[in-house]
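*Asks:* Start counting at 1 in the sequence shown, then tack on 114, and there's your number in the working numbering.
A portion of the hints provided could be inaccurate.
Pairs of lysine to aspartate or glutamate residues, derived as DMTMM-like cross-links and limited to a Cα-Cα distance of at most 20 Å, are as follows [said to hold, decoys possible]:
1) K191 x E209
2) K205 x E165
3) K193 x E258
4) K205 x D184
5) K120 x E252
6) K201 x E148
7) K201 x E165
8) K205 x E252
9) K205 x E188
10) K201 x D178
11) K201 x E258
12) K205 x E218
13) K238 x E218
14) K120 x E147
15) K238 x E119
16) K205 x D178
17) K205 x E148
18) K120 x E165
19) K120 x D141
20) K120 x D144
21) K201 x E218
22) K193 x D178
23) K238 x E126
24) K191 x E147
25) K120 x E229
Quick list of the computed label-pair ranges, beta carbon to beta carbon [stated by the list, open to error]:
26) R152 x A123: 38 to 44 Å
27) N253 x T186: 24 to 30 Å
28) R221 x V185: 24 to 30 Å
29) G198 x P146: 33 to 39 Å
30) K191 x G212: 21 to 27 Å
31) A161 x E229: 29 to 35 Å
32) R152 x P189: 34 to 40 Å
33) R142 x N222: 28 to 34 Å
In case anyone wonders, no lab produced these hints; they're calculated from the structure.
Keep in mind that this is a model prediction, so the values were computed, not measured.
Even for Gly, the Cβ is constructed at its ideal location relative to N, Cα and C.
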Amino acid sequence: MNRMEKANAYHERGFNCCQSVLAAFSDRYDIPEETALRIGAGFGGGAGTGELCGAITGAVMALDLILGGDVTSEPVKAKRIAVGRAKELQKQFAEQFGALRCQELLRNEREEPSEAVKALGLTKHCAVMIASAVELAENILNGEEN
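Make the full structure from the sequences, and use the hints.
*Replies:* So this is what it looks like as structure tokens:
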């Protein structure tokens with residue numbers, strides 16, 4: 115099962131978009147899956163406000179956990195790098211779907227998934243957002259780790 119499928123399986127079990135994306139990366143950082151699910155619990159539906167899509171939030175959290183840098187001795191530098199990654203992920207997501215806000219994404223349902231997401235056969239709106247956020251995060255990880 116690839117990471118996009120894993121995230122979709124979490125969502126099908128009832129976890130929100132943030133939890134699903136964050137937990138799908140749990141093999142890559144030092145906190146247990148259950149802790150990842152707890153951390154992401156309040157971020158679904160744009161943290162209940164319809165604002166930033168939970169799938170994006172989960173992807174940013176996963177990237178920070180995996181690539182966080184030295185946050186204790188160089189907090190300003192680590193924060194600057196993390197914000198740059200977050201902005202890049204959001205830029206790519208917005209280019210693909212035309213919005214970042216959960217409320218807008220749900221209203222517009224402008225889905226233009228990548229070929230990899232299409233290959234999974236996902237049709238539910240949030241499932242497409244989740245798989246796309248995972249794919250974008252993986253692309254950023256691959257770019258920074260190579």
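*Asks:* For every hint, state whether the structure bears it out.
*Replies:* To see whether the hints hold, each was checked on the structure:
1. Distance hint between K191 and E209 is unfulfilled; the C-alpha atoms sit about 27 Å from each other, more than 20 Å.
2. For the given pair, K205 sits about 16 Å from E165 by alpha-carbon distance, which is consistent with the 20 Å threshold.
3. Distance hint between K193 and E258 is fulfilled; the C-alpha atoms sit about 16 Å from each other, no more than 20 Å.
4. Our distance criterion of 20 Å between C-alpha atoms is broken by K205 and D184, whose separation comes to about 25 Å.
5. Distance restraint check for K120 and E252: the Cα-Cα separation of roughly 13 Å lies within the 20 Å cut-off, and the hinted pair is therefore satisfied.
6. A C-alpha spacing of about 27 Å is found between K201 and E148, which places the hinted pair above 20 Å, so the restraint is violated.
7. With a C-alpha separation of about 16 Å, the suggested pair K201 and E165 falls inside the 20 Å cut-off, and the hint holds.
8. For the suggested pair K205 and E252, the alpha carbons sit about 15 Å apart, so the restraint of at most 20 Å is met.
9. Using a Cα cut-off of 20 Å, the hinted pair K205 and E188 is violated, with the two alpha carbons roughly 26 Å apart.
10. At roughly 13 Å between alpha-carbon atoms, K201 and D178 fall within 20 Å of each other, so this suggested pair holds.
11. Distance check on the hinted pair: K201 and E258 sit about 15 Å apart at the alpha-carbon level, within 20 Å; holds.
12. For the hint pairing K205 with E218, the CA-to-CA distance comes to about 16 Å; that is within 20 Å, so the pair holds.
13. Between K238 and E218 the alpha-carbon distance is near 16 Å, which keeps this suggested pair within the 20 Å criterion.
14. Taking the CA atoms of K120 and E147, the gap is near 12 Å; set against the 20 Å cutoff, the hint holds.
15. A C-alpha spacing of about 13 Å is found between K238 and E119, which places the hinted pair at or below 20 Å, so the restraint holds.
16. For the suggested pair K205 and D178, the alpha carbons sit about 17 Å apart, so the restraint of at most 20 Å is met.
17. About 30 Å separates the Cα atoms of K205 and E148, which puts this hinted pair outside 20 Å; it is violated.
18. Our distance criterion of 20 Å between C-alpha atoms is broken by K120 and E165, whose separation comes to about 25 Å.
19. For a cut-off of 20 Å, the pair hint linking K120 to D141 stands: about 11 Å separates their Cα positions.
20. Straight-line distance between C-alpha atoms of K120 and D144 comes to about 18 Å, which keeps the hinted pair within the 20 Å bound.
21. For the proposed pair K201 and E218, the alpha carbon gap of about 18 Å is at most 20 Å, so the pair holds.
22. A C-alpha spacing of about 9 Å is found between K193 and D178, which places the hinted pair at or below 20 Å, so the restraint holds.
23. At most 20 Å may separate the alpha-carbon atoms for a hinted pair to count; K238 and E126 meet this at roughly 10 Å.
24. Our distance criterion of 20 Å between C-alpha atoms is broken by K191 and E147, whose separation comes to about 28 Å.
25. With a C-alpha separation of about 17 Å, the suggested pair K120 and E229 falls inside the 20 Å cut-off, and the hint holds.
26. For R152 paired with A123, a C-beta distance near 18 Å fails the hint of 38 to 44 Å.
27. Here the CB-CB span from N253 to T186 is close to 28 Å, well matched to the stated 24 to 30 Å.
28. Distance hint for R221 and V185: a CB-CB separation of about 36 Å, inconsistent with the stated range 24 to 30 Å.
29. The hinted window of 33 to 39 Å between G198 and P146 is violated, with their beta carbons roughly 28 Å apart.
30. For K191 and G212, the hinted distance range of 21 to 27 Å is not satisfied, since their beta carbons lie about 33 Å from each other.
31. A161 and E229 have their C-beta atoms about 31 Å apart, which keeps the hinted 29 to 35 Å range intact.
32. Range check, R152 to P189: about 25 Å between beta-carbon atoms, so the 34 to 40 Å window is missed.
33. A hinted range of 28 to 34 Å for the beta carbons of R142 and N222 is consistent with their spacing of about 31 Å.
When the structure is compared with the earlier hints, violations turn up for hints 1, 4, 6, 9, 17, 18, 24, 26, 28, 29, 30 and 32 and for no others.
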